[in-house]
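**Student:** The task is simple: from the sequences and hints, build the whole structure.
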Amino acid sequence: MAENLAIRAAEVARKTNETDIKLAFGVDGTGISKIDTDVPFLNHMLDLFTKHGLFDLTVEARGDVDIDDHHTVEDIGICLGQTLREAVGDKRGIKRYASVFVPMDDALAQVVIDLSNRPAFEYRAQYPSQQVGSFQVELVHEFLWKLALEARMNLHVIVHYGVNTHHMIEAVFKALGRALDEATTIDPRVQGVPSTKGVL
1 MAENLAIRAA
11 EVARKTNETD
21 IKLAFGVDGT
31 GISKIDTDVP
41 FLNHMLDLFT
51 KHGLFDLTVE
61 ARGDVDIDDH
71 HTVEDIGICL
81 GQTLREAVGD
91 KRGIKRYASV
101 FVPMDDALAQ
111 VVIDLSNRPA
121 FEYRAQYPSQ
131 QVGSFQVELV
141 HEFLWKLALE
151 ARMNLHVIVH
161 YGVNTHHMIE
171 AVFKALGRAL
181 DEATTIDPRV
191 QGVPSTKGVL
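In the numbering used here, the protein residues as written are 1 to 200.
Don't read these hints as lab results, they were simulated from the structure.
Heads up, a few of these hints could be off.
[Unchecked claim] With a cut-off of at most 27 angstroms between alpha-carbon atoms, the simulated DSSO-like pairs for lysine-lysine come out as follows:
{"no.": "1", "residue 1": "K15", "residue 2": "K34"}
{"no.": "2", "residue 1": "K22", "residue 2": "K51"}
{"no.": "3", "residue 1": "K197", "residue 2": "K95"}
{"no.": "4", "residue 1": "K51", "residue 2": "K95"}
{"no.": "5", "residue 1": "K22", "residue 2": "K34"}
{"no.": "6", "residue 1": "K34", "residue 2": "K51"}
**Tutor:** What follows is the structure, given as C-alpha coordinates:
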(Lines of atoms letter the chains of each structure in order from A; the text may use other names.)
(Lines give C-alpha, C1' and ligand atoms only; values in the text may rest on other atoms or scores of the structure.)
Protein backbone atom coordinates (compact mmCIF):
# COMPACT_ATOMS: atom_id res chain seq x y z
CA MET A 1 0.00 0.00 0.00
CA ALA A 2 1.39 3.38 -0.99
CA GLU A 3 0.56 6.45 1.04
CA ASN A 4 -1.01 9.39 -0.73
CA LEU A 5 -1.80 12.23 1.65
CA ALA A 6 -3.13 14.57 -1.05
CA ILE A 7 -5.82 12.21 -2.24
CA ARG A 8 -6.49 10.60 1.17
CA ALA A 9 -7.31 7.23 -0.33
CA ALA A 10 -5.85 3.75 -0.11
CA GLU A 11 -6.42 0.23 -1.33
CA VAL A 12 -5.46 -3.21 -0.15
CA ALA A 13 -5.63 -6.80 -1.35
CA ARG A 14 -5.82 -9.62 1.20
CA LYS A 15 -5.78 -13.27 0.17
CA THR A 16 -5.78 -16.12 2.67
CA ASN A 17 -6.98 -19.72 2.71
CA GLU A 18 -10.30 -18.34 3.98
CA THR A 19 -10.91 -15.12 2.03
CA ASP A 20 -9.93 -13.18 -1.08
CA ILE A 21 -10.57 -9.45 -0.70
CA LYS A 22 -9.84 -6.30 -2.68
CA LEU A 23 -10.87 -3.05 -1.02
CA ALA A 24 -10.42 0.60 -1.99
CA PHE A 25 -11.39 3.41 0.38
CA GLY A 26 -11.47 7.17 -0.18
CA VAL A 27 -11.97 9.55 2.73
CA ASP A 28 -12.95 12.60 0.67
CA GLY A 29 -15.60 10.97 -1.46
CA THR A 30 -19.21 11.52 -2.40
CA GLY A 31 -20.91 8.48 -0.89
CA ILE A 32 -20.39 6.13 -3.81
CA SER A 33 -20.12 2.44 -2.98
CA LYS A 34 -19.57 -0.68 -5.05
CA ILE A 35 -19.93 -3.56 -2.63
CA ASP A 36 -19.78 -7.17 -3.80
CA THR A 37 -19.40 -9.76 -1.05
CA ASP A 38 -20.99 -13.09 -0.18
CA VAL A 39 -22.71 -11.53 2.85
CA PRO A 40 -25.82 -9.59 1.71
CA PHE A 41 -26.56 -7.95 5.06
CA LEU A 42 -22.99 -6.65 5.33
CA ASN A 43 -23.28 -5.30 1.77
CA HIS A 44 -26.31 -3.31 2.91
CA MET A 45 -24.54 -1.99 6.02
CA LEU A 46 -21.42 -0.96 4.07
CA ASP A 47 -23.62 0.87 1.56
CA LEU A 48 -25.16 2.83 4.44
CA PHE A 49 -21.77 3.49 6.04
CA THR A 50 -20.41 4.87 2.77
CA LYS A 51 -23.46 6.96 1.92
CA HIS A 52 -23.72 8.66 5.30
CA GLY A 53 -19.96 9.09 5.72
CA LEU A 54 -19.60 10.56 2.22
CA PHE A 55 -16.75 8.17 1.49
CA ASP A 56 -15.99 6.20 -1.65
CA LEU A 57 -15.74 2.46 -1.04
CA THR A 58 -15.22 -0.48 -3.35
CA VAL A 59 -15.19 -4.01 -1.97
CA GLU A 60 -14.82 -7.30 -3.81
CA ALA A 61 -14.79 -10.20 -1.38
CA ARG A 62 -15.12 -13.96 -1.56
CA GLY A 63 -14.88 -16.19 1.46
CA ASP A 64 -15.67 -19.55 2.99
CA VAL A 65 -19.30 -18.68 3.65
CA ASP A 66 -20.17 -22.35 3.23
CA ILE A 67 -18.76 -22.63 6.77
CA ASP A 68 -20.15 -19.30 8.02
CA ASP A 69 -19.75 -15.55 7.43
CA HIS A 70 -17.20 -15.01 10.20
CA HIS A 71 -13.96 -14.94 8.21
CA THR A 72 -15.38 -12.73 5.46
CA VAL A 73 -16.83 -10.15 7.85
CA GLU A 74 -13.69 -10.15 10.01
CA ASP A 75 -11.30 -9.74 7.08
CA ILE A 76 -13.32 -6.93 5.51
CA GLY A 77 -13.08 -5.12 8.86
CA ILE A 78 -9.32 -5.67 8.80
CA CYS A 79 -9.00 -4.32 5.26
CA LEU A 80 -11.20 -1.30 5.90
CA GLY A 81 -9.21 -0.44 9.02
CA GLN A 82 -5.90 -0.71 7.16
CA THR A 83 -7.04 1.55 4.33
CA LEU A 84 -8.56 4.09 6.73
CA ARG A 85 -5.31 4.32 8.66
CA GLU A 86 -3.27 4.75 5.50
CA ALA A 87 -5.66 7.24 3.92
CA VAL A 88 -5.56 9.68 6.85
CA GLY A 89 -1.77 9.48 6.98
CA ASP A 90 -0.08 11.39 9.83
CA LYS A 91 -3.41 13.04 10.69
CA ARG A 92 -2.20 16.61 10.23
CA GLY A 93 -5.05 19.09 10.35
CA ILE A 94 -7.84 16.64 11.14
CA LYS A 95 -10.44 17.09 13.86
CA ARG A 96 -9.44 13.69 15.30
CA TYR A 97 -12.49 13.29 17.58
CA ALA A 98 -16.18 12.75 16.89
CA SER A 99 -19.31 11.83 18.81
CA VAL A 100 -22.44 11.11 16.81
CA PHE A 101 -25.97 9.96 17.66
CA VAL A 102 -28.13 8.46 14.92
CA PRO A 103 -31.76 7.37 15.30
CA MET A 104 -33.38 4.73 13.13
CA ASP A 105 -37.07 4.68 13.97
CA ASP A 106 -37.18 2.76 17.28
CA ALA A 107 -33.39 2.54 17.65
CA LEU A 108 -30.77 5.02 18.85
CA ALA A 109 -27.03 4.42 18.37
CA GLN A 110 -24.03 6.45 19.46
CA VAL A 111 -20.51 6.20 18.04
CA VAL A 112 -17.56 8.02 19.62
CA ILE A 113 -14.17 8.05 17.90
CA ASP A 114 -10.63 9.18 18.61
CA LEU A 115 -8.15 8.70 15.75
CA SER A 116 -5.41 8.42 18.34
CA ASN A 117 -3.15 5.72 16.87
CA ARG A 118 -4.13 3.65 19.94
CA PRO A 119 -6.57 0.79 19.30
CA ALA A 120 -9.35 0.48 21.87
CA PHE A 121 -12.88 -0.82 21.46
CA GLU A 122 -15.92 -0.71 23.72
CA TYR A 123 -19.29 -2.02 22.61
CA ARG A 124 -22.58 -1.88 24.46
CA ALA A 125 -25.60 -3.38 22.71
CA GLN A 126 -28.42 -5.73 23.62
CA TYR A 127 -30.22 -6.99 20.55
CA PRO A 128 -33.69 -8.58 20.66
CA SER A 129 -32.57 -11.30 18.23
CA GLN A 130 -29.24 -12.87 17.37
CA GLN A 131 -29.83 -13.18 13.65
CA VAL A 132 -31.01 -10.86 10.86
CA GLY A 133 -31.88 -13.03 7.89
CA SER A 134 -28.87 -15.34 7.63
CA PHE A 135 -26.52 -12.83 9.30
CA GLN A 136 -25.26 -13.59 12.81
CA VAL A 137 -25.54 -10.45 14.93
CA GLU A 138 -22.37 -11.27 16.91
CA LEU A 139 -20.40 -10.53 13.73
CA VAL A 140 -21.12 -6.81 14.15
CA HIS A 141 -18.80 -6.89 17.16
CA GLU A 142 -16.17 -8.79 15.19
CA PHE A 143 -16.26 -6.32 12.29
CA LEU A 144 -16.07 -3.22 14.50
CA TRP A 145 -13.29 -4.59 16.71
CA LYS A 146 -11.09 -5.50 13.74
CA LEU A 147 -11.80 -2.09 12.17
CA ALA A 148 -10.71 -0.31 15.36
CA LEU A 149 -7.65 -2.52 15.77
CA GLU A 150 -6.33 -2.03 12.24
CA ALA A 151 -7.23 1.66 12.04
CA ARG A 152 -5.56 2.11 15.45
CA MET A 153 -8.40 4.19 16.81
CA ASN A 154 -10.54 4.43 19.91
CA LEU A 155 -14.01 3.25 18.92
CA HIS A 156 -16.87 3.31 21.41
CA VAL A 157 -20.26 2.08 20.24
CA ILE A 158 -23.43 2.23 22.31
CA VAL A 159 -26.86 1.14 21.17
CA HIS A 160 -29.01 2.94 23.71
CA TYR A 161 -32.23 1.15 22.86
CA GLY A 162 -34.27 -0.40 20.10
CA VAL A 163 -36.94 -2.93 19.27
CA ASN A 164 -35.90 -4.05 15.80
CA THR A 165 -32.44 -5.62 15.52
CA HIS A 166 -32.04 -4.58 11.88
CA HIS A 167 -32.80 -0.97 12.79
CA MET A 168 -30.34 -1.05 15.69
CA ILE A 169 -27.46 -2.32 13.56
CA GLU A 170 -28.35 0.09 10.77
CA ALA A 171 -28.16 3.00 13.21
CA VAL A 172 -24.68 1.81 14.26
CA PHE A 173 -23.32 1.77 10.71
CA LYS A 174 -24.84 5.15 9.85
CA ALA A 175 -23.40 6.66 13.04
CA LEU A 176 -20.04 5.06 12.29
CA GLY A 177 -19.97 6.67 8.86
CA ARG A 178 -20.94 10.10 10.15
CA ALA A 179 -18.47 9.93 13.05
CA LEU A 180 -15.56 8.95 10.82
CA ASP A 181 -16.51 11.70 8.38
CA GLU A 182 -16.34 14.25 11.19
CA ALA A 183 -13.14 12.91 12.78
CA THR A 184 -11.27 12.87 9.45
CA THR A 185 -12.45 16.34 8.41
CA ILE A 186 -9.65 18.84 7.83
CA ASP A 187 -10.08 21.83 10.14
CA PRO A 188 -8.10 24.89 8.95
CA ARG A 189 -7.71 26.01 12.57
CA VAL A 190 -5.70 22.89 13.43
CA GLN A 191 -1.98 23.52 13.08
CA GLY A 192 -0.09 20.29 12.44
CA VAL A 193 -1.00 17.12 14.28
CA PRO A 194 -3.92 17.48 16.76
CA SER A 195 -1.96 16.37 19.82
CA THR A 196 0.21 18.12 22.40
CA LYS A 197 2.70 15.29 21.85
CA GLY A 198 3.28 16.53 18.32
CA VAL A 199 2.67 13.09 16.87
CA LEU A 200 -0.08 10.50 16.69
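**Student:** Hints first: check each against the structure and report whether it holds.
**Tutor:** Evaluation of the provided hints:
Of the pairs offered as hints, the one joining K15 and K34 holds, with about 19 angstroms between alpha carbons and a cut-off of 27 angstroms not exceeded. Of the pairs offered as hints, the one joining K22 and K51 holds, with about 20 angstroms between alpha carbons and a cut-off of 27 angstroms not exceeded. Simply put, K197 and K95 have alpha-carbon atoms about 15 angstroms apart, close enough for the 27 angstroms limit, and the pair holds. With a C-alpha separation of about 20 angstroms, the suggested pair K51 and K95 falls inside the 27 angstroms cut-off, and the hint holds.
Restraint check for K22 and K34: satisfied, since their Cα atoms lie roughly 11 angstroms apart, inside the 27 angstroms limit. A distance of roughly 11 angstroms separates the Cα atoms of K34 and K51; the hinted pair therefore holds under the 27 angstroms criterion.
Of the numbered hints listed earlier, not one is contradicted by the structure.
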